[in-house]
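S.K.: Listed below are the residues making up each chain.
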Amino acid sequence: MNTKSNSYVMVFTIGLCVTVSSVLAVLATELKETQLAAAEFDRQKNVMMAAGLIERGDSRPRPELEALYKKRVKSIIVDTRDGSLAEGDSKEQVVALNAKASEADPKDANAFRMIETGFTEDGRLDAIILPVSGKGLWSTLYGYLALDADKNHVKGIQFYKHGETPGLGGEIENPEWTAMWKGKEILNDKGELVSVTVKKGKVNESIPSEVKHYVDGLAGATITSNGVSKFVLRDLQAFSTYLQKK
Amino acid sequence: MTSIAAPETKKAPLFGEEEKRVILDPLLDQNPITLQVLGICSALAVTTRLDVSIVMGISVIAVMAMANVTISLLRNLIPSKIRIIVQLVVVSGAVIIVDQVLRAYAFDLAKQLGVFISLIITNCIVMGRLEAFAMQNPPWRSLLDGIGNGLGYAWIICVVGAFREVFGSGKLLGYEIIPDAMYEAGYVNNGLMVLAPGAFILLGVIVWVLRWIRGYTEN
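Going line by line, the protein sequences match chains A and B. For the first sequence, counting from 1, position 93 maps to 93 in our numbering; every step adds exactly one. For the second sequence, counting from 1, position 67 maps to 1067 in our numbering; every step adds exactly one.
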């Protein structure tokens, strides 16, 4: 066989590519479910971390943490038009409700949204965990912002998926930075929604309103920081009807 | 053509002298990091913690073993005109396999390692061994060579990872090992160790120590 001829090279290349792609395709299909389950578990852990139910790097085994999530966290569906709660607790139900709403008025295609609520050991509402997501510098960031039951104080923030530069924008995962969010307020003295803004530079400790509503910026990650400020405000506004309900 | 070395007529022992050399050499005498100074980029990037280093090490071993065996099996069929791109395809395939498996069974670590698993494709150790060894040697030996070089890479980054975790964050595999009393006495974690330059210095020291022990000089 002449391994130097052009036709041999062509046949070899095609054969190799087809073989390698089939192997990868089979593998990806086989592993898909396990991967989705792992990603879902990761999301649950981040919800619990935002709500302060577990610490980062909790070493308890997976079934135990999954049981904890089941027991202490409940999904609810919010109608963002008037802030009322809708029946149900699954993603499919949100899709169905939104489909119905958008039939009546196309503007309402995203009217129903799912949020998580965290409860204390004795079943008292302890945390409202809102999904936040939006653009950073390179990627879309996905995270959870947890509020206290008073719907004003921030309980925690966690980002579980992003593609920012490690060490720069990627520092949004840094526990030291996310800890700064704790205790900030999203409402001003008049009760208006002002959200929490990521400042450029350090928060000035001598200005009370700044201490309440700002967190330190991330050095070398201005665009990621601005992105976080922007989408946290936008997502809080989206839930404003619900948040203003007493 | 030199590729038809020593016709394998008699059954060679599974672990002969040659095989032992192939797997042991890369650990010290021909270590890919300390002697050939390859794969430095990932050695700096993923060694902030020991567990991440271990997973990265295992991934590289797996990729090298898979790629070396595949290329060795195909070595007489690969047209020499396109051999580099063929090697790349095989390496990429192996890396994607490792990446997918990690994402299914070690999600947290896969997230930690992020892009660096995919970047194993560009690790010069892998391509280097394919071109220098697997293209001329039978599958069994190539497998050993892949594992040997992977181990040579893995143990170095594990040492760096262990040092950086202990001195950078006072932990080892996530467990506190520096007692609280030390911190109360004024001890502080070395921030440099968490950053890439810390790894660079450590790696330099390791290269120096290993070369000094083995009496290696650059000529």
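No wet-lab data here; the hints were simulated from the structure. Remember, it's a predicted structure, so these values are computed and weren't measured experimentally. By construction, the Cβ of each residue, glycine as well, lies at the ideal position given by its N, Cα and C atoms. Please note that the accuracy of each hint is not assured.
What the hints assert, rightly or not - Simulated DEER-style distance windows between Cβ atoms:
| hint | chain 1 | residue 1 | chain 2 | residue 2 | range |
| --- | --- | --- | --- | --- | --- |
| 1 | A | Thr13 | B | Leu1172 | 15 to 25 Å |
| 2 | A | Glu192 | B | Leu1195 | 20 to 30 Å |
| 3 | A | Trp177 | B | Tyr1187 | 16 to 26 Å |
| 4 | B | Ile1058 | A | Gly15 | 24 to 34 Å |
| 5 | A | Ile14 | B | Leu1027 | 20 to 30 Å |
| 6 | B | Leu1027 | A | Ser133 | 40 to 50 Å |
| 7 | A | Trp177 | B | Tyr1105 | 28 to 38 Å |
| 8 | A | Leu168 | B | Gly1016 | 25 to 35 Å |
| 9 | B | Gly1114 | A | Ala109 | 58 to 68 Å |
| 10 | A | Glu55 | B | Tyr1105 | 44 to 54 Å |
| 11 | B | Leu1172 | A | Gly201 | 48 to 58 Å |
| 12 | A | Pro63 | B | Ile1058 | 17 to 27 Å |
| 13 | A | Gly201 | B | Gly1191 | 40 to 50 Å |
| 14 | A | Ser21 | B | Leu1195 | 46 to 56 Å |
As the list claims (entries may be wrong) - Derived DSS-like pairs (lysine-lysine); straight-line CA-CA distance at most 25 Å:
| hint | chain 1 | residue 1 | chain 2 | residue 2 |
| --- | --- | --- | --- | --- |
| 15 | A | Lys161 | B | Lys1081 |
| 16 | A | Lys202 | A | Lys184 |
| 17 | A | Lys91 | A | Lys32 |
| 18 | B | Lys1111 | A | Lys135 |
| 19 | A | Lys32 | B | Lys1111 |
| 20 | A | Lys245 | A | Lys184 |
| 21 | B | Lys1081 | A | Lys4 |
S.K.: Evaluate each hint against the coordinates.
M.R.: How the hints compare with the structure:
{"no.": "1", "hint": "Thr13(A) x Leu1172(B): 15 to 25 Å", "verdict": "violated, 48 Å"}
{"no.": "2", "hint": "Glu192(A) x Leu1195(B): 20 to 30 Å", "verdict": "violated, 42 Å"}
{"no.": "3", "hint": "Trp177(A) x Tyr1187(B): 16 to 26 Å", "verdict": "holds, 24 Å"}
{"no.": "4", "hint": "Ile1058(B) x Gly15(A): 24 to 34 Å", "verdict": "holds, 30 Å"}
{"no.": "5", "hint": "Ile14(A) x Leu1027(B): 20 to 30 Å", "verdict": "violated, 40 Å"}
{"no.": "6", "hint": "Leu1027(B) x Ser133(A): 40 to 50 Å", "verdict": "holds, 47 Å"}
{"no.": "7", "hint": "Trp177(A) x Tyr1105(B): 28 to 38 Å", "verdict": "holds, 30 Å"}
{"no.": "8", "hint": "Leu168(A) x Gly1016(B): 25 to 35 Å", "verdict": "violated, 52 Å"}
{"no.": "9", "hint": "Gly1114(B) x Ala109(A): 58 to 68 Å", "verdict": "violated, 34 Å"}
{"no.": "10", "hint": "Glu55(A) x Tyr1105(B): 44 to 54 Å", "verdict": "violated, 23 Å"}
{"no.": "11", "hint": "Leu1172(B) x Gly201(A): 48 to 58 Å", "verdict": "violated, 36 Å"}
{"no.": "12", "hint": "Pro63(A) x Ile1058(B): 17 to 27 Å", "verdict": "holds, 25 Å"}
{"no.": "13", "hint": "Gly201(A) x Gly1191(B): 40 to 50 Å", "verdict": "violated, 21 Å"}
{"no.": "14", "hint": "Ser21(A) x Leu1195(B): 46 to 56 Å", "verdict": "violated, 40 Å"}
{"no.": "15", "hint": "Lys161(A) x Lys1081(B)", "verdict": "violated, 42 Å"}
{"no.": "16", "hint": "Lys202(A) x Lys184(A)", "verdict": "holds, 15 Å"}
{"no.": "17", "hint": "Lys91(A) x Lys32(A)", "verdict": "holds, 19 Å"}
{"no.": "18", "hint": "Lys1111(B) x Lys135(A)", "verdict": "holds, 19 Å"}
{"no.": "19", "hint": "Lys32(A) x Lys1111(B)", "verdict": "holds, 16 Å"}
{"no.": "20", "hint": "Lys245(A) x Lys184(A)", "verdict": "holds, 20 Å"}
{"no.": "21", "hint": "Lys1081(B) x Lys4(A)", "verdict": "holds, 8 Å"}
In terms of the numbered hints stated before, the structure departs from hints 1, 2, 5, 8, 9, 10, 11, 13, 14 and 15, listed from lowest to highest.
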